[in-house]
Amino acid sequence: MKFVISSTELLKHLQLIGKVISTKNTLPILDNFLFDLSGNQLQITASDLETTLVTTIDLENVTDEGKVAIPARILMDILKEFPEQPLTFNVDMETLKIDINSENGKYNLTGANAEDFPQLPEIKSEQESHFQLPSAALHQGIGKTIFATADDELRPVMNGIYVELKSDNVTFVATDAHKLVRYRRTDITPEQESAFIFPKKPASLLRNILSKEDAEVDVRFDDKNVQFVLPKYRMISRLTEGNYPSYDSVIPSDNPFKLTIDRLEFYNTIKRVSVFSNQASNLIKLSLKGNQLTVSAQDIDFSVSGRETLNCQYEGDDMEIGFKSSFLQEILANLNASEVLVELSDPSRAGLLYPAEKTEENEDVLMLLMPMMVESETEVE
Amino acid sequence: MVRKIIHIDMDAFYASIEQRDHPELKGKAIAVGKGSERGVVAAASYEARRYGVHSALSSKIAKKRCPHLIFITGRMEVYKQESARIMDIFLDYTDLVEPLSIDEAFLDVTENKMGMRSATLIAREIKERIYELTGLTASAGVSINKFLAKTASDYDKPDGLYVIKPADAEKFVEQLPIKKFHGVGQVTAQKMHRLGIQTGADLKRQSLPWLTRHFGKVGLHYYNISRAMDQRPVNPERIRKSVGTERTFEKDLQENFEIITGLYHIEKELMRRMNRSGSYGRTLTLKIKFSDFQQITRSKTLPVVIDQFDLLHRHAKEILYQIDLGSRKIRLLGLTVSHLETNEGQEAVQLELDF
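Protein sequence lines correspond, in order, to chains R and S.
Mapping to our numbering: the first sequence position 265 is 265, numbers consecutive.
Heads up, our numbering is the position in the second sequence plus 1000, with the first residue counted as 1.
One chain only, chain R, in its complex shape:
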């Protein structure tokens, strides 16, 4: 088979799907891209067995059809070095010798047998759930939540994003038990109840693709796999099996104290003050009194401390609560709003953070952070 393709276009596609290729593959064939030329369409597949990404490119100049597996590393490396130009791929289907002809050069490599490439799993149609949403909404759903996923070998369900379908909304949830994010879209109405746990790695790969594609995404899943279809890209990924913790029950519904504050000012203050926090604990304290918030930190080991006082709107009792500053920073960085609303109740109970005003009508964002407690005295037996 033979085809002509733009070097930069091919590279762009390969870079998006090639990230799935693992450096420690168990199957050597997975170190290849599967090229499948049929009619005028070139379909390229990359996989790590758990997740498979497929992209399609329409070509003008093709001769014959066929399939071949092309070594990924060397192909990506050479494509990166070309300025934009048409490349001619000529594959001898008998010997699997591949010639790449550029303006001034000729490169030879040997492909592998396409038949060795694993088959894509199928979504079982009898168990299938199905919905559609705009790529931007899915991008937000992953982007807002992925930072809160866990790295917990013992509770693998928490290492993924929980995608829950209700008749009148889709909810994305992630939590590592310290922080929790719930991102809900009320403009998507799947009209059925179902859910899946989308592992972190494919979620992050999909986010990359979504950021570059503006289209409607078709999502189908059964109890084992999920498939996302965009016009030029397709992902099939194994799901994490198991039951997701009942996240709604840990979200307090009656935090009485309410703090409203400028998000950026709050964020920058925390960044400065946390320089003075204990390196191990990263603890900062928020003290609320009247309409003032004092953020403070200290590291006794090095005799350093820092504090800043900010004006805010506060309705509630005077209180002091500690948080891990890195967690609080992550949360504030992921809330898109000029002002944030923080709801608190007690120094040992979860704080809730929301955008003070909705920026998007159909979005409902809630972030939860568990506090840190200072042990003022050590028990000695």
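No lab work stands behind these hints, which were simulated from the structure alone.
Treat the hints with care, as some may be off.
Below are the DSS-like pairs computed for lysine-lysine, each with C-alpha atoms no more than 30 Å apart in a straight line [what the hints assert, rightly or not]:
(1) Lys201/R to Lys1300/S
(2) Lys2/R to Lys19/R
(3) Lys1300/S to Lys200/R
(4) Lys1289/S to Lys1317/S
(5) Lys1317/S to Lys201/R
Here the structure is a predicted model, which means the values were calculated and not measured.
With chain R held as given, fit chain S onto it using these hints.
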């Protein structure tokens, strides 16, 4: 300036104290430790060592090797007392004393309180004073750095005094069999043998990149010591790096509840030790020795200091659950915390959602 370093190592410390306090044991093969089926030898007299009895050997095997071996229950308090008296002698000569364990220490006598120029004379005097005060013998190594001093004290045991002079240092190291190098254990020695390294001279022939490739970070240390170089100072304030405890069980553990119960008691003991020393750490290491003596360790480092029993309990169990025990029986469990921080009531605990 050329340093003068002495390494003093007591000869069969625990066993010698027992032989001193129980004259009827003199000249006999004795082992400190429990003689029970599952006991372990903590220390062996030289008479017992001739039969291949050494510390950490299981009592069962020790008895097989040396049927007339006499087991004595250890008296840790007495050993500690004697150790403190001996350390006091060292301090008469220099404040730069770095205890390595209860029965050995490095001394930097380059500048010493007695104004003595010969480190060899100081070492001899210390040996004599230890013997007068405690009736125990020690072996001393004298040289220009810690590695050589330690190697020297090992060279002429027991009751030895061996000096490696600066001019002889390199030659001494070159002829030294690799397994005699301090810090080269059995496993590393075997690996070196496989790589064709038998002596210090063989080691010296290897390039630094080659050594780091094969041995990682310690490669540099091997590179240096093969050239008789060791810049490590004698550090009198060497702080303890870990707190730990372990236990060999009367009967091998196999059932899940037995293992959890066994671990629980070790957790309790570790907590007691951490509280006693005021040292709390963030890294928890679980050691398991199976009935076939195969041993594994697994660690976990937490973002917070383990200073509460429930935290310790939870994470110890988590480490245990991550190990595929299969049907193997457990002979010994050990728990250690490292990454120590002294708790001054400033530790913060990140709270978790209750799922």
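Now for the hints, and whether the structure bears them out:
Proposed proximity of Lys201/R and Lys1300/S is supported: the alpha carbons are some 23 Å apart, at most 30 Å. The suggested pairing of Lys2/R with Lys19/R holds, with an alpha-carbon distance near 26 Å, which does not exceed 30 Å. As the CA atoms of Lys1300/S and Lys200/R are separated by approximately 22 Å, the hinted pair is consistent with the 30 Å bound. Annotation: proposed proximity of Lys1289/S to Lys1317/S holds, straight-line Cα distance about 16 Å (limit 30 Å).
Restraint check: the Cα-Cα separation between Lys1317/S and Lys201/R comes to about 28 Å, which is no more than 30 Å; the hinted pair holds.
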